[in-house]
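Asker: Sequence:
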Amino acid sequence: MSDSRNTILAVILSAVVLIAWQYFYNIPQMENQRLAEQARKELSKQAQPGNNAATPQDGTASAPQPGAPAAAQPAPVVARDVAIAASPRVKIDTPRLSGSISLKGARIDDLSLVQFRETVDPTSPAIVLYSPRGTAEPYYAEFGWVPATGTSAKLPDSNPVWQQEGSNSLTPTTPVTLKYDNGEGLTFRRVISIDDRYLFSIKDDVANAGKAPVTLLPYALISRHGIPKISGYYILHEGLIGYLGADGLQEYSYKKIDDAKPLESSPDTKGLKWTATDGWLGITDKYWASALLPDTHAQLQARFFSRPLGAIRTYQADYLENPQTIAVGGTGSANTRLFAGAKEASVVGINFPIGGFGGYNRELGLNHFDLLIDWGWFYFITKPMFLALDFFYHLVGNFGLAILLVTVLVKLLFFPLANKSYASMAKMKAVQPQMAALKERYPDDKVKQQQEMMEIYKKEKINPIAGCLPVALQIPVFFSLYKVLFVTIEMRHAPFYGWIKDLSAPDPTNLFTLFGLLHYDPTQLPLIGHYLALGIWPLIMGITMWFQMKLNPKPPDPTQQLIFGWMPLIFTFMLAGFPAGLVIYWAWNNTLSVLQQSFIMRRNGVKVELLDNIKTTFISKKAT
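Every position in the sequence shown, counted from 1, becomes a number in the working numbering once 17 is added.
Hints are supplied without guarantee of correctness; some may be wrong.
[Said to hold, decoys possible] What follows is a set of in silico ranges between Cβ atoms, one per label pair, in the way DEER data are often shown: (1) Lys475 with His547: 47 to 53 Å; (2) Gln449 with Gly265: 36 to 42 Å; (3) Lys108 with Phe431: 21 to 27 Å; (4) Lys228 with Gln180: 35 to 41 Å; (5) Ser283 with Ser169: 18 to 24 Å; (6) Lys518 with Pro493: 26 to 32 Å; (7) Ser169 with Thr191: 34 to 40 Å; (8) Phe529 with Pro192: 33 to 39 Å; (9) Lys518 with Gly375: 29 to 35 Å; (10) Gly546 with Pro105: 31 to 37 Å; (11) Tyr251 with Phe397: 18 to 24 Å; (12) Asn436 with Lys475: 17 to 23 Å; (13) Leu429 with Tyr514: 45 to 51 Å.
Calculated from the structure, these hints are not laboratory results. C-beta atoms are modelled at their ideal positions from N, C-alpha and C, and glycine is treated no differently.
All chains, please: the whole structure from these sequences, using the hints.
Answerer: This is the structure in structure tokens:
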């Protein structure tokens, strides 16, 4: 009976891991290839001469909503450095960010994250977050004013060149002031400051020296042209995101925005609207994000939307604040903030009852800004897992060692349960001769066998399902660690020792290339290529799992023997494409389980037959 339960649980666990492998690795890999090919086709169409599609002009003075489309010819795609050099700029120079602000439109559209590189090679290019319009992947933030209905004031859009005042570069100690005079009595002044992390603060003033009052609405927007290269994994949100007051967390993928209902302004503009207070919104990638952080007391008319631009679509998160009527001789003001950078937990913040980080979430009094990091539905497991890893990382200086220490900690936490489980398994092993005698005594009466078996369990105080517990406890730990390794930037490019340079990536070695001796890529083979990425750590994991299986005698049922015999090999191939940190955890956990179970078996007077069982695998017993 217990063997049957263990078999069923093993099959279920195998199915769970197999499904997870399909969702998290195989299907996303194929989807990424499809999206990359689609993006190449879209960019080639966009670059063709004679494309007469309309180009959106964000923040134009002709409409009461930012981002209203205006008839224009899209320029051909140019190199990023060419687009940057095409307009006068103010340099951005901080310990974590570099780039520039375009004086044409006063737009923040050039931003790189200097502490993060594209690959594990420290000399590889820095991660590019923002790029100007006209490049292959435009992505930028813009701020300003739009006129209320009935107001005809000339307002700066994306075309006028602003005047720079004061400092020649934006640094944490030197803000930048920009000025624009519309020639009709309105003077716009913008002060941009930045901290030493990823937060821009923008203060807009409008002085009215004209002949009549004007009513304007402050706006802010983040715009992205085309769908970027995304991971495409089921457990990760990439796209538009926000926490909008009472409406709570809002997450929409690019596809969901494209499938949304048309907004009133245009049938081609698909999206959603909210009225909210105490909110924030933006666009998130796996590791990076850009988010608008208005005053927490401001009432917002917020939107997520997309609209066509030639062969691609643009995606935008924006908001309008309440209108301000600026009297003659008066001044109107608006304040907002922009987060543009890496989603570091200590910077963004983590809300958790015990431990956690304050970050911007606490410093600025934001509404659940920690949800910018996708902790998932099981955040109550994922967050403490990350906090434990982060604690040990700062203690030992290596996330790989931190994973090993957290595994030991988890083992200690669950030791009382595991102790009872292994003790029950040891007792079950001790009564195996009695079980065999029952089968000989009642060879044709299965019901009687079960009745007598339950009497033995009751007499010896054995829980027949206790053996399932150690395996069951691994499931939530496995997925929480996978989530942490996958979504947190702290794990990105985190090295271990030897050949493991990135714990969040699969083991780079491969058995089928003889670990580098053969110069070809077997993973490119059709149909079976995904299964031919088998590194050293997955092999180590498979061996430790095989040892764990051999710790117990063979099940009496041939079907069970077959399942348990093949399980280590199946798991070796399935986990080969998972992050190396997860495979290291599983191998280390198997090793600790073997040691723990051996100790408990000896303490209960049961012989540890690990070596004997291994020998019988290779040396057939002589017939007696």
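Asker: Report the numbers of all earlier hints that the structure fails to satisfy, in ascending order.
Answerer: Of the numbered hints given earlier, those the structure breaks are 2, 3, 4, 8, 10, 13, listed in rising order.
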